[in-house]
Amino acid sequence: MVIKEAENDFIKFWIEDGILYSKFKQPTIVNIEKIKALIELRHEISEGEKQYWCYDFDGIKSYDKEARDYAEIYGQEYLHACAVIFNSHIAKFTLNAFMILKTPLIPLKGFTKKSEAVKWLNELKRKNG
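Taking the UniProt record's numbering, I'd label the letters of the sequence shown as residues 1 to 129.
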């Protein structure tokens, strides 16, 4: 059951069964302005509560360095964990390599199937009580 929704011109967030989901509405170039808007909207829907986020990367055309750097600093606030869904194994491999180089502050894992991402987030929720 969907509890809450928030959206802007390029992304939609919703909370369903205790998981925060997001989906890009159209192909998006993520630059500093977009990442700030995305994080602000995620904070808005979270209302200061930490979330388990299922972050669907489908629709991202590119993600520039300034946006990645900003997300690394501010993008982990109000999160318990983040499961990132990719539409390719190459993108998933890239995220997993990134995590070796830069240790995230929260559990972060890449998936190619939404069902596996949600299963992992629910397992973390159960462990964390």
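One or more hints might be untrue.
Derived lysine to aspartate or glutamate pairs resembling EDC-like cross-links, with alpha carbons at most 20 Å apart [to be verified]:
id	residue 1	residue 2
1	K34	D17
2	K125	D58
3	K25	E72
4	K4	D69
5	K127	E116
Computed Cβ-Cβ distance ranges for the label pairs, DEER-style [stated by the list, open to error]:
id	residue 1	residue 2	range
6	R126	S62	34 to 44 Å
7	K127	K61	15 to 25 Å
8	D64	K127	13 to 23 Å
9	D9	D64	11 to 21 Å
10	G129	Q26	12 to 22 Å
11	E66	K127	16 to 26 Å
12	E7	R68	33 to 43 Å
13	K127	N31	13 to 23 Å
14	R126	N31	33 to 43 Å
15	W14	N128	18 to 28 Å
16	E123	N31	13 to 23 Å
17	K65	T103	29 to 39 Å
18	E16	N128	16 to 26 Å
19	G129	I29	23 to 33 Å
Just so you know, these hints were derived from the structure itself, not from any lab.
Quick caveat: nothing in here was measured; it's all calculated off a predicted structure.
From the three backbone atoms N, C-alpha and C, an ideal C-beta is built for every residue, glycine too.
The hint says 13 to 23 Å between K127 and N31; measuring C-beta to C-beta, is that right?
This hint is violated: roughly 36 Å between Cβ atoms.
Taking the CB of G129 and the CB of I29, does the distance hold inside 23 to 33 Å?
39 Å, violated
Does the Cβ-Cβ separation between E16 and N128 fall within 16 to 26 Å?
19 Å, holds
Between the beta carbons of E123 and N31, is the distance compatible with 13 to 23 Å?
Given a distance of about 34 Å, which is not inside 13 to 23 Å, the answer is violated.
Check whether the Cα positions of K127 and E116 lie no farther apart than 20 Å.
Distance ~17 Å between K127 and E116 Cα, so the pair holds.
May I ask you to test the hint 12 to 22 Å on the CB atoms belonging to G129 and Q26?
The hint (12 to 22 Å, Cβ to Cβ) is violated, given that G129 and Q26 are roughly 38 Å apart.
Could you grab the alpha-carbon distance between K125 and D58 and see if it respects the 20 Å cut-off?
Violated, at about 24 Å.
Could you grab the alpha-carbon distance between K4 and D69 and see if it respects the 20 Å cut-off?
Answer violated: K4 to D69 is near 29 Å, above 20 Å.
Mind checking the alpha carbons of K34 and D17 for me, to see if they're no more than 20 Å apart?
At roughly 27 Å apart (the allowed maximum being 20 Å), D17 and K34 break the hint.
Hint check for R68 and E7 - Cβ pair distance inside 33 to 43 Å:
23 Å, violated
Mind checking the hinted window 15 to 25 Å against the Cβ distance between K127 and K61?
Given about 35 Å between the Cβ atoms, the range is violated.
Could one say that the CB atoms of R126 and N31 fall in the range 33 to 43 Å?
At 37 Å between Cβs, range holds.
Hint violations for this structure: numbers 1, 2, 3, 4, 7, 8, 10, 11, 12, 13, 16, 17, 19, all remaining hints satisfied.
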